[in-house]
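Since the structure of chain A is provided, determine the placement of chain B on it from the hints.
The primary structure of each chain is shown beneath.
2 protein chains.
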Amino acid sequence: MPKVVDHETRREELVRTVWRIMARRGPAAVTMRQISAEAGYANGALKTYFAGKADLLEATYTHVFERTNERVERAAAGLSGLGALVAFCREVMPLDEERLDEERLDEARVVMAFWQEAAHDPARAAHNNRYMHQWRDSVAGWVAEARAAGDVTGHVDLASWVDALLTFLLGTQITAALDPTNVTPAHLERQLAAQLALVRVPAEAPVGAKAAADVAAPGNAGATASATTLGGAATPGGSAATGDGPVT
Amino acid sequence: MPKVVDHETRREELVRTVWRIMARRGPAAVTMRQISAEAGYANGALKTYFAGKADLLEATYTHVFERTNERVERAAAGLSGLGALVAFCREVMPLDEERLDEERLDEARVVMAFWQEAAHDPARAAHNNRYMHQWRDSVAGWVAEARAAGDVTGHVDLASWVDALLTFLLGTQITAALDPTNVTPAHLERQLAAQLALVRVPAEAPVGAKAAADVAAPGNAGATASATTLGGAATPGGSAATGDGPVT
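Chains as they are written, first to last, in the numbering used here: chain A, 232 to 479; chain B, 232 to 479.
Take every hint as true, because none was put in to throw you off.
Keeping only pairs whose Cα atoms sit at most 35 Å apart, straight-line, the calculated DSBU-like set for lysine-lysine is: (1) B:Lys278 with A:Lys284; (2) A:Lys278 with B:Lys284; (3) B:Lys284 with A:Lys284.
Taking beta-carbon pairs under 7 Å as the criterion, some of the chain A residues facing chain B (in silico): (4) Asn359; (5) Val387; (6) Trp392; (7) Asp394; (8) Leu401; (9) Gly402; (10) Asp410; (11) Ala428.
Note that these hints are calculated values from the structure, not bench results. No residue lacks a Cβ here, since even glycine has one placed at the ideal position from N, Cα and C.
Next comes chain A alone, as it looks inside the complex:
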């Protein structure tokens, strides 16, 4: 069915045109006339592919979410627990390598336009929330796996930590898009590592240190300390533990 494939390809091309205009010049610059001009269509020819601007915007926003989900699926394939969680976070954050093509930053800009619309459009908000609840379920599942594997401490309200992590990931779209010079991919990676280090039980730590991590945590009455094994300092569990420097 070459005709159908062609139709889908054209729709995707148009969605990418909308995306580019929106990311670089904002949603106000997205007009049917402008899209036709940039995509090389005669005025009115767009109607074959999209009923109107609303239809095109809907497809554009859906495309951004679906792209992210497809990347997550590829990156997390065969992983579970913390591994899957980290893979997910790294696909959601705008970590353009070298920032040469700014593809992820453009995604962030489009998502920001979407949020702004959703703030006063219940249908868009519902669209957003369906994706967010789906993400929350995935992340909660991976954290539960990590907890069961003993990779994550149980001393914190993990459900709230998961929500805060997702909220952080949304925030990275803003900070990276508005301050790309300072909020580099490496900077975002360090922030993610700091988030994860806080709940992560270091894999290389001696058993005693692992128990101590639970004991040190308030509210975990179930843990019992193996105090006598607490001699040496635990080895760093990841790049997040970059020491004890002052915050200035």
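Leaving out everything else, chain B in the frame of chain A:
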């Protein structure tokens, strides 16, 4: 100088009109005609107070940031360290009590419109980044105070944790504005508590447990354990430690 006061009062009234239109119907609905109509001005009379729409928008966005900063200043007055940090976070998050007037949610919606513009407007982005860097300096200062007071563990990359906390706070504007039914003030408070619980050394904990919190943490080679005092479980340091429930 009653005339000057009057001028300022009028400007502020107009800014609040823009704000309300933007929050409820989006920036596209903000036109000079619409503002005049809602504020009860004759067409053209706005020019006495604002040169044009760009000028009005600038004043509106500045107003939102300044309002937040004024609230923070009041809330953090006389506080330092963790106390000041928590006060700051609670003023930045959209924690409308009862959500009756949605004032904070409206702030969030206006900020989302601002971010969306800033994503493709370098002047707006620079405006945003000045405020963000100022906030980062304040937060880093409070965290350094908390660290010096022994209220915060030194086992994590605190500079990155601070950046992640601010990024989380930006994210709360989005989650609360788009999903106010689920992302209630109480829900946001729990997320904040989860963030803070992870770096907080519980105030009521015995000295040994405090040391253990440092030891359990990887990468803090400077800490020495007082292992023999590690008998009892530490008492919860705050409402954040809500136990060991499964994440589902």
